[in-house]
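Here is what each chain is made of, one letter per residue.
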Amino acid sequence: GQQVMQIPQYQHVQEGEDFTTYCNSSTTLSNIQWYKQRPGGHPVFLIQLVKSGEVKKQKRLTFQFGEAKKNSSLHITATQTTDVGTYFCAGTNQGGKLIFGQGTELSVKP
Amino acid sequence: DAGITQSPRHKVTETGTPVTLRCHQTENHRYMYWYRQDPGHGLRLIHYSYGVKDTDKGEVSDGYSVSRSKTEDFLLTLESATSSQTSVYFCAISEQGNTEAFFGQGTRLTVV
Numbered sequence: 001g002q003q004v005m006q007i008p009q010y011q012h013v014q015e016g017e018d019f020t021t022y023c024n025s026s027t028t029l030s031n032i033q034w035y036k037q038r039p040g041g042h043p044v045f046l047i048q049l050v051k052s053g054e055v056k057k058q059k060r061l062t063f064q065f066g067e068a069k070k071n072s073s074l075h076i077t078a079t080q081t082t083d084v085g086t087y088f089c090a091g092t093n094q095g096g097k098l099i100f101g102q103g104t105e106l107s108v109k110p
Numbered sequence: 001d002a003g004i005t006q007s008p009r010h011k012v013t014e015t016g017t018p019v020t021l022r023c024h025q026t027e028n029h030r031y032m033y034w035y036r037q038d039p040g041h042g043l044r045l046i047h048y049s050y051g052v053k054d055t056d057k058g059e060v061s062d063g064y065s066v067s068r069s070k071t072e073d074f075l076l077t078l079e080s081a082t083s084s085q086t087s088v089y090f091c092a093i094s095e096q097g098n099t100e101a102f103f104g105q106g107t108r109l110t111v112v
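Those protein sequence lines, which keep their order, are chains A and B. Each residue of the first sequence is one higher than the one before, starting from 1 at the first, in the working numbering. Each residue of the second sequence is one higher than the one before, starting from 1 at the first, in the working numbering.
The calculated DSS-like cross-link candidates involving lysine-lysine, where the alpha carbons are at most 27 Å apart (straight line), are:
(1) A:K70 to A:K57
(2) A:K97 to B:K70
(3) B:K53 to A:K97
(4) A:K36 to B:K57
(5) B:K57 to A:K70
(6) B:K11 to A:K36
(7) A:K36 to A:K97
(8) B:K57 to A:K97
(9) A:K70 to A:K51
(10) A:K56 to A:K70
Anything over 12 Å on all C-beta distances counts as not near chain B; from chain A, calculated:
(11) K70
(12) N71
(13) T77
(14) K109
Distance windows between CB atoms, simulated:
(15) A:V84 to B:T77: 31 to 39 Å
(16) B:E79 to A:S30: 31 to 39 Å
(17) A:G95 to B:T77: 21 to 29 Å
(18) A:H12 to B:H41: 16 to 24 Å
(19) A:K51 to B:V88: 32 to 40 Å
(20) A:A68 to B:R108: 35 to 43 Å
(21) A:G95 to B:D73: 15 to 23 Å
(22) A:K51 to B:E14: 48 to 56 Å
(23) B:V52 to A:D18: 43 to 51 Å
No lab work stands behind these hints, which were simulated from the structure alone. Computed from a prediction, not measured in an experiment: that's the story for all the values here. Ideal placement from N, C-alpha and C gives every residue a C-beta, glycine not left out.
Just chain A, with the same shape it has in the complex:
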């Protein structure tokens, strides 16, 4: 079945450093979505990528979707303490099944 792997599981950075999390799927995805979950909260949608090779930016966040539509990455430039949380990628297939990666927990030291 469809599997989505995400690395690393944890990332500790100093405020101002960059951060990247990577997502890989065992199958070709219809699209990839990214979510953020603050400690004690619920996942909140950040963005969706649909096209092969697509790159989207949201302020300091850059999202990429691989050419083969099987991998994706989220890069945060110059992290801030407000970036703390767990970042999840999620892939959908044509059947509408939404499968999440294990998430990357980001901690930022001031």
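With chain A fixed as given, assemble chain B onto it according to the hints.
Relative to the frame of chain A, chain B by itself:
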């Protein structure tokens, strides 16, 4: 936030008892999902629904059943709760199968 409500928010139950969690939406979204969240495992899909009375299994469906008799409600039932089902359960909704998902606040279930 999207109109999605989970109940109860917290529950403690004994091993072997049946438990039903409810997800209610006011958005008329077609897709509804149940996930469990455990440390080190992220969000794992239990079951999902793509319409009234249309459901399918996810990654970790053993020990769980679901029902969707109307658009707004998606019920998750643990027929006989086990300690391994202690977890935080999240419901999510999506207008189509490939659009953004909105999550409920979660239900913390403890099986003792």
